[in-house]
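**Student:** Here is how the chains run, residue by residue.
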Amino acid sequence: MKILKSLLICCLCLLSGTIARGQMQLESNLTTGQNQTKPEGFLNMALCPSYEINNWTFGAGAELAILNPQNTMLDAWKINAERKIIIREHEYKIYGGFYCRPFSEYMRELNLVLTIKTEYGHFRGMIGNNSRIWRLSGKALEQWPEADSAGTTMNKEWRNFLYEFSYHLKKTDHPWNIGIGFSNTNGFFFNQETMPMLFGRYENKISESLQLYAECWFQQAGAANLQAQYYGFFMKGGLVWKSGK
Amino acid sequence: MEKWKIIAFLLSIFLTSCFHDLDEAGAFHSKYNANERFEMSQEWNASHPFQVILMPDSEYSVLYCGDTHIGTYREFSIVLDAAKSPSTAALVVAGDISRGHTESYDTLETLMNTVDSVNWFFTPGNHDLYFGGWDEYYPRFGASSYYFVVSTPAGNDLFIILDSGSGTLGNLQLNWLSEVLESFHPSVRHITIATHLNFFKDGFGLTSGFPMEEANVVLDLCARYEIDYIIGGHDHGRNESAIGNTNFIIMDQCHDEESNSSYLEIKYNAVSCIHLFHAIPE
Chain A
1 MKILKSLLIC CLCLLSGTIA RGQMQLESNL TTGQNQTKPE GFLNMALCPS YEINNWTFGA
61 GAELAILNPQ NTMLDAWKIN AERKIIIREH EYKIYGGFYC RPFSEYMREL NLVLTIKTEY
121 GHFRGMIGNN SRIWRLSGKA LEQWPEADSA GTTMNKEWRN FLYEFSYHLK KTDHPWNIGI
181 GFSNTNGFFF NQETMPMLFG RYENKISESL QLYAECWFQQ AGAANLQAQY YGFFMKGGLV
241 WKSGK
Chain B
1001 MEKWKIIAFL LSIFLTSCFH DLDEAGAFHS KYNANERFEM SQEWNASHPF QVILMPDSEY
1061 SVLYCGDTHI GTYREFSIVL DAAKSPSTAA LVVAGDISRG HTESYDTLET LMNTVDSVNW
1121 FFTPGNHDLY FGGWDEYYPR FGASSYYFVV STPAGNDLFI ILDSGSGTLG NLQLNWLSEV
1181 LESFHPSVRH ITIATHLNFF KDGFGLTSGF PMEEANVVLD LCARYEIDYI IGGHDHGRNE
1241 SAIGNTNFII MDQCHDEESN SSYLEIKYNA VSCIHLFHAI PE
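Note that the protein sequences, when read in sequence, are chains A and B. Following the numbering used here, the numbering of the first sequence begins with 1 at its first residue and continues without gaps. Following the numbering used here, the numbering of the second sequence begins with 1001 at its first residue and continues without gaps.
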């Protein structure tokens, strides 16, 4: 509940900031699909407001599990910042984010993410790292108070390579585009580097302030082990709204 | 275009001939998926009820090893000898036991037919499933998902063996795991799960673990049912970590062609369980 309140306050601050001199952006999407943990399917909704000022973008977001939540309806939340930089007249975006997934009554998955992304003509690329921390929840610490002294309250994976590469039919500034690519991350989750997902994306800029997009993702397990099988798929549809400057 | 097709064809022939033990086609297609293997395992389990091993003392050991990649089996023989100790209740081999070829399975089956006085339990790894290896594994060794119980005067301990050979447990095996834990949890002293893949990784790596959604489901079960140990192999490098009540162990390989091989011993008693590694002399 505290998290939702914080997000609400954050949204209000961003909204008031828009009136001042920056640019407000709101991204909302629905994700549906199925996988081996949810063969009967799932439906998630995400809302991610952000605020851009002087080459910086500050954002937050939450994903709600509307159908088949693993633990609570608040599936995951994040805060993030992004900085545009120009190197040899080419724009890059450096992104940092903190993600929390309360996937269990007893455990939380936290991710610290640092990436750099850019676009070259028809190509888009992103590389980075996420550090994943699983830590016990307050309830678990009450159940196992000895975990603190034993040093077993959390487990860390500091290094996990993140990537996303895609090729698009049109150049970036075209009003609509369609592309295919592969990545080990999407939205609020981050697979290990050896678990790439394939995706296709369609996007359409309806007006200067509104863009719609749709994505289809295919998930495979065990590909790097050369003994692979279908794991799941999901489809995502969303809109990005930008306020006027 | 024809030129590229010829190059791709020659390249695939070259790669196949270079890596006799890798089944590149498996990255795109598997004859049996995790759910199909699980259903076959359940059929096997229906006619082979779970094993109960009776131990006279409340303190005993179970040995674990993995990644034997038979072929040759000098190091695996050392583990088999160690498992003959009267205080050892069982030996669990957590995948990549063979190289998937028929001759590899023939060697393994012949070896295991010579072993008596050891309660051994297998589960397949990705290499065991290469080249259609499940068709060799299943008729020889049976189920890949099952459990057994070690019964002592002070109480019973539960051991669950999971099949993660194709990178996922699959929804049927996940449901079954939840049901087994739910039915046994209050009545057993300790719970140990052994499988081939790992839930945590140590640094950048080329081998896959579980998809994140699935890892999180299992981590939740670990906390909910206070599982003592999750044992895996696959990485050919030891790693130990713990969160809450659960120890996550990645074992060294037990493979003649590599150095620093070891096997794992877990000692169980009425109140706790502790683990130690035994180096295998080269």
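Calculated from the structure, these hints are not laboratory results. Mixed in with the good hints there might be a few duds.
[Said to hold, decoys possible] Covered stretches of chain B, as calculated for chain A (at least 3 residues, CB under 8 angstroms):
1) 1157–1168
2) 1212–1225
3) 1243–1256
4) 1269–1277
[As the list claims (entries may be wrong)] Quick list of in silico lysine-lysine cross-link-like pairs, BS3-like style, CA-CA up to 25 angstroms:
5) A:170 x A:117
6) A:38 x B:1031
7) A:139 x A:242
8) A:38 x B:1201
9) A:117 x A:205
10) A:156 x B:1201
11) A:205 x A:156
12) A:38 x A:84
13) A:236 x A:171
Idealized CB from N, CA, C, for every residue including glycine.
**Student:** Now tell me, hint by hint, if it's right for this structure.
**Tutor:** Verification of the hints:
Residue count for the segment 1157–1168 of chain B with a Cβ under 8 angstroms from a Cβ of chain A: 4. That meets the three needed, and the coverage hint holds. For a cut-off of 8 angstroms, the count of residues in the segment 1212–1225 of chain B with a CB near a CB of chain A stands at 9, and the three-residue condition holds. For the segment 1243–1256 of chain B, the assignment as covered by chain A holds, since 4 residues bring a beta-carbon within under 8 angstroms of that chain's beta-carbons and 3 suffice. Coverage of a stretch by a chain is defined here by at least three residues with a beta carbon nearer than 8 angstroms to that chain's beta carbons; for the segment 1269–1277 of chain B and chain A the count is 0, and the condition is violated.
The hinted pair formed by residue 170 (chain A) and residue 117 (chain A) meets the criterion: a straight-line CA distance of about 18 angstroms does not exceed 25 angstroms. Distance check on the hinted pair: residue 38 (chain A) and residue 1031 (chain B) sit about 23 angstroms apart at the alpha-carbon level, within 25 angstroms; holds. The hinted pair formed by residue 139 (chain A) and residue 242 (chain A) fails the criterion: a straight-line CA distance of about 40 angstroms is larger than 25 angstroms. Straight-line distance between C-alpha atoms of residue 38 (chain A) and residue 1201 (chain B) comes to about 24 angstroms, which keeps the hinted pair within the 25 angstroms bound.
Restraint check: the Cα-Cα separation between residue 117 (chain A) and residue 205 (chain A) comes to about 21 angstroms, which is no more than 25 angstroms; the hinted pair holds. With a C-alpha separation of about 9 angstroms, the suggested pairing of residue 156 (chain A) with residue 1201 (chain B) holds against the 25 angstroms cut-off. At roughly 40 angstroms between alpha-carbon atoms, residue 205 (chain A) and residue 156 (chain A) are farther apart than 25 angstroms, so this suggested pair is violated. Taking the CA atoms of residue 38 (chain A) and residue 84 (chain A), the gap is near 38 angstroms; set against the 25 angstroms cutoff, the hint is violated.
Between the alpha carbons of residue 236 (chain A) and residue 171 (chain A) the distance comes to roughly 22 angstroms, so the proposed pair stays at or under 25 angstroms and holds.
Of the numbered hints stated above, those contradicted by the structure are hints 4, 7, 11, 12, listed in ascending order.
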